[in-house]
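Q: Sequence lines, in order, name chains A and B.
Just so you know, the first sequence maps onto residues 1 to 430 in full-length UniProt numbering.
Just so you know, the second sequence maps onto residues 1 to 430 in full-length UniProt numbering.
Bear in mind the hints are in silico, worked out from the structure with no lab data behind them.
All of these numbers come straight from a predicted model, not from anything done at the bench.
Please note: incorrect hints may appear among the correct ones.
Just a sample of chain B residues kept apart from chain A, beta carbon distances all over 12 Å, derived [what the hints assert, rightly or not]:
#1 122
#2 266
#3 273
#4 315
#5 331
Here are the simulated DSSO-like pairs of lysine-lysine, each with C-alpha atoms no more than 30 Å apart in a straight line [what the hints assert, rightly or not]:
#6 B/390 <-> B/71
#7 B/71 <-> B/84
#8 A/315 <-> B/84
#9 B/315 <-> A/295
#10 A/84 <-> A/129
#11 A/271 <-> B/390
#12 B/271 <-> B/84
#13 A/277 <-> B/84
#14 B/315 <-> A/315
Even for Gly, the Cβ is constructed at its ideal location relative to N, Cα and C.
Protein chains: 2
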Amino acid sequence: MSGEEAPEAPAQQQQTEQEKQPDEPPAAASDAPQEPASSPAEEEVFSCRALVLTGYGGYDKVKLQVKTRSKPQLQAGEVLVRVKACGLNFAELLARQGLYELLPSPPVTMGMEGSGVIEAVGEDVKNRKVGDRVIVLSRSGLWQDVVLVPADQTFVMPESMSFEEGAALPVNYLTAYMMLFEMANIRPGKSVLIHMAAGGVGVAATQLCQTVPDVTVFGTASAAKHETIVQGGVTHPIDYRTKDYVEEVRKISPMGVDVVLDPLGGSDTQKGYGLLKPMGTLIVFGAANCVTGQKKNLLAMAKTWYNQLSISTQKLMQANKAICGFHLGYISDDQLIVRTMATLLELYNQGKIKPRIDSSYHFEEVGDAMKRMHERLNIGKVILLPEPKKEEEKPKSSPEAEDKADKTEARVSEEKKEEGNTQEVKAEGD
Amino acid sequence: MSGEEAPEAPAQQQQTEQEKQPDEPPAAASDAPQEPASSPAEEEVFSCRALVLTGYGGYDKVKLQVKTRSKPQLQAGEVLVRVKACGLNFAELLARQGLYELLPSPPVTMGMEGSGVIEAVGEDVKNRKVGDRVIVLSRSGLWQDVVLVPADQTFVMPESMSFEEGAALPVNYLTAYMMLFEMANIRPGKSVLIHMAAGGVGVAATQLCQTVPDVTVFGTASAAKHETIVQGGVTHPIDYRTKDYVEEVRKISPMGVDVVLDPLGGSDTQKGYGLLKPMGTLIVFGAANCVTGQKKNLLAMAKTWYNQLSISTQKLMQANKAICGFHLGYISDDQLIVRTMATLLELYNQGKIKPRIDSSYHFEEVGDAMKRMHERLNIGKVILLPEPKKEEEKPKSSPEAEDKADKTEARVSEEKKEEGNTQEVKAEGD
Chain A
1 MSGEEAPEAP
11 AQQQQTEQEK
21 QPDEPPAAAS
31 DAPQEPASSP
41 AEEEVFSCRA
51 LVLTGYGGYD
61 KVKLQVKTRS
71 KPQLQAGEVL
81 VRVKACGLNF
91 AELLARQGLY
101 ELLPSPPVTM
111 GMEGSGVIEA
121 VGEDVKNRKV
131 GDRVIVLSRS
141 GLWQDVVLVP
151 ADQTFVMPES
161 MSFEEGAALP
171 VNYLTAYMML
181 FEMANIRPGK
191 SVLIHMAAGG
201 VGVAATQLCQ
211 TVPDVTVFGT
221 ASAAKHETIV
231 QGGVTHPIDY
241 RTKDYVEEVR
251 KISPMGVDVV
261 LDPLGGSDTQ
271 KGYGLLKPMG
281 TLIVFGAANC
291 VTGQKKNLLA
301 MAKTWYNQLS
311 ISTQKLMQAN
321 KAICGFHLGY
331 ISDDQLIVRT
341 MATLLELYNQ
351 GKIKPRIDSS
361 YHFEEVGDAM
371 KRMHERLNIG
381 KVILLPEPKK
391 EEEKPKSSPE
401 AEDKADKTEA
411 RVSEEKKEEG
421 NTQEVKAEGD
Chain B
1 MSGEEAPEAP
11 AQQQQTEQEK
21 QPDEPPAAAS
31 DAPQEPASSP
41 AEEEVFSCRA
51 LVLTGYGGYD
61 KVKLQVKTRS
71 KPQLQAGEVL
81 VRVKACGLNF
91 AELLARQGLY
101 ELLPSPPVTM
111 GMEGSGVIEA
121 VGEDVKNRKV
131 GDRVIVLSRS
141 GLWQDVVLVP
151 ADQTFVMPES
161 MSFEEGAALP
171 VNYLTAYMML
181 FEMANIRPGK
191 SVLIHMAAGG
201 VGVAATQLCQ
211 TVPDVTVFGT
221 ASAAKHETIV
231 QGGVTHPIDY
241 RTKDYVEEVR
251 KISPMGVDVV
261 LDPLGGSDTQ
271 KGYGLLKPMG
281 TLIVFGAANC
291 VTGQKKNLLA
301 MAKTWYNQLS
311 ISTQKLMQAN
321 KAICGFHLGY
331 ISDDQLIVRT
341 MATLLELYNQ
351 GKIKPRIDSS
361 YHFEEVGDAM
371 KRMHERLNIG
381 KVILLPEPKK
391 EEEKPKSSPE
401 AEDKADKTEA
411 RVSEEKKEEG
421 NTQEVKAEGD
């Protein structure tokens, strides 16, 4: 986010650099060799809770580590943020399986988005002050209760925005906005197919489509979520589990659609391409089809890879179609991010967009949070809360999420037994 | 243009159906089996001049045929147009070499665009009348002095528009407009690389870029054309014959460009893709690199084909780039054409676009016209005139084109000797 080269992850660097766990491997230290170690005299002992990916695999590879470290030293241009809420993204499910190339090798603190309150500002920080409520964006390292980040990676939150909403906004809405308005050029009268319409990007894209008159939204989701996504703006919900979505779209619009947003990859990309009207645009922005079970599935990956669309320009010409790839993590244009965030916050203030929070989990419950997303139980965003979980507190969830509470709770208990007490400091680098 | 299926070419059908040349092969007759032959009693003998592709190969395969035929019978919804000027397109150079799959097999009358005056209207034609000056658009068959076309393939010309301008407008400006505004979403502050910036589409695209504030245009053309294209709106002219255009663009804009319009294909498509900024769009709309000599060059074709860009969606995601194909001939959405033509005629009336006529050639000189385009001597549009050439009349050309008059004239004379008198009726189907 901070230059043409892929930037380092400041929050995570800082943490690994200064952490005092004697048995912690020197992870990612090589990412920040320039940073001078603070002298022992200046140090002030300080406790920090972080969700660390300790190796690739199942849910148990993400561990809550409570670390004692020296008090973070602010560099010029940085701010210290007390984190109140973090967003969980599909990228983190991929990353846990070793399928997300932008995350440094484990052990590494995960987390690309969050919200909180500024507790300290470094030199040369002019437009942020202590007490500001901000959204924070980074490539990784934000799943901590305290982070150090460049001030220009923070965005002041509207007063009416909750911390959960702030943490839910950046990745999903930047992705949806840039796809719809920068790449696909969505305009009145157009039609859009949104896969996983009840997911974070799906909800964001559906809301953003409502800001343009007369846009038809086809949205796939399991039947139980249809009522909610229709309320959110989906014109034609399609139950992809029981029906062939290509046939369903064709029944309503024989010519197909103008835009397909494809987070799935593989054979779904080919189907999406086939569904495009002439002058239509397919945007591939994920490979969710790679993720099947809890651990890396080589067969699913191979299948997704094998079915990946690769088309000649000759064929594109004959079809008058466009294929785009989008990945927020590879956007190196800071100004584009800043401009788009300003637009999104303005849309929020106008009441045109509002992140939908599916559920909030404390750091201790990160496995349950991931499982909820993995099993596509969420409608909207899954949030992680750094604040320690109180005894007997249930996961906070929206009324819709409560419908499935029984099922989820059962799964949570099983998981607990397997995982043991994640509040203990664990530093094994498996 | 007239439905979801590729429509027949009405002008050409009519001609072949009713032509009375005894030695003419029954070309394209199978295209119009439904059309009843008019009874001998109704017939009125009528002479027609047409440029017919008689087989695939060099310039001499396009022959002027003066045919005696029955008077055309108007069907409901059709109009009879006395053609005053026709446009020559790169597609016709490809077609002559057998490289344009949308043209019916020879013998076939070529021509996709023209302008003229309505001489008769069929039943149910409400919004056109005798005497209307119109632009005509079709897939083929318009290089004739009289054509029968559906009224909805005609567009009334602004009063101030010349027939040459009318014939120069549709294919080039529809192509440029739809690429820039439907596919590429060009907006203030963007940059565009236009190859063959002095060609028909190049000039149109450059003018259309001027309708958006603060768009930077990089345009490739040989040095002799730079002054003209800069006057037309190119910000940075690049002589692709003596310099590496990729390096030249990078010198001025190290990050590259937002949009590349690529009529070349092959390795130039790969270079264009490399030049895109993140969130940039490459639009391939031709394969001019296939055309080298006068006849089909299998090596050039193989090279263009081999170097054709074919990219995985994974790579597109990592690059945040879009690849589009555009081909006006495959656009089956009539309403899109009609809407875009209305926009273009409005822009003409506002003085924002004006087709640049490079030169006009009589039908007898079609070989010279094609050669001029093939050798990239034109700046703007090459026009064909159905009206017979008077003795000793030179090709009409713009002042800029006159600069190269000596060179062109020399070539014209050589060609004449090889071709003989094309005014004679030739019907050999070689």
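Q: Now tell me if each hint is right for this structure.
A: Against the structure, the hints:
no.	hint	verdict
1	122	29 Å, holds
2	266	9 Å, violated
3	273	10 Å, violated
4	315	7 Å, violated
5	331	6 Å, violated
6	B/390 <-> B/71	26 Å, holds
7	B/71 <-> B/84	19 Å, holds
8	A/315 <-> B/84	36 Å, violated
9	B/315 <-> A/295	24 Å, holds
10	A/84 <-> A/129	17 Å, holds
11	A/271 <-> B/390	59 Å, violated
12	B/271 <-> B/84	41 Å, violated
13	A/277 <-> B/84	36 Å, violated
14	B/315 <-> A/315	18 Å, holds
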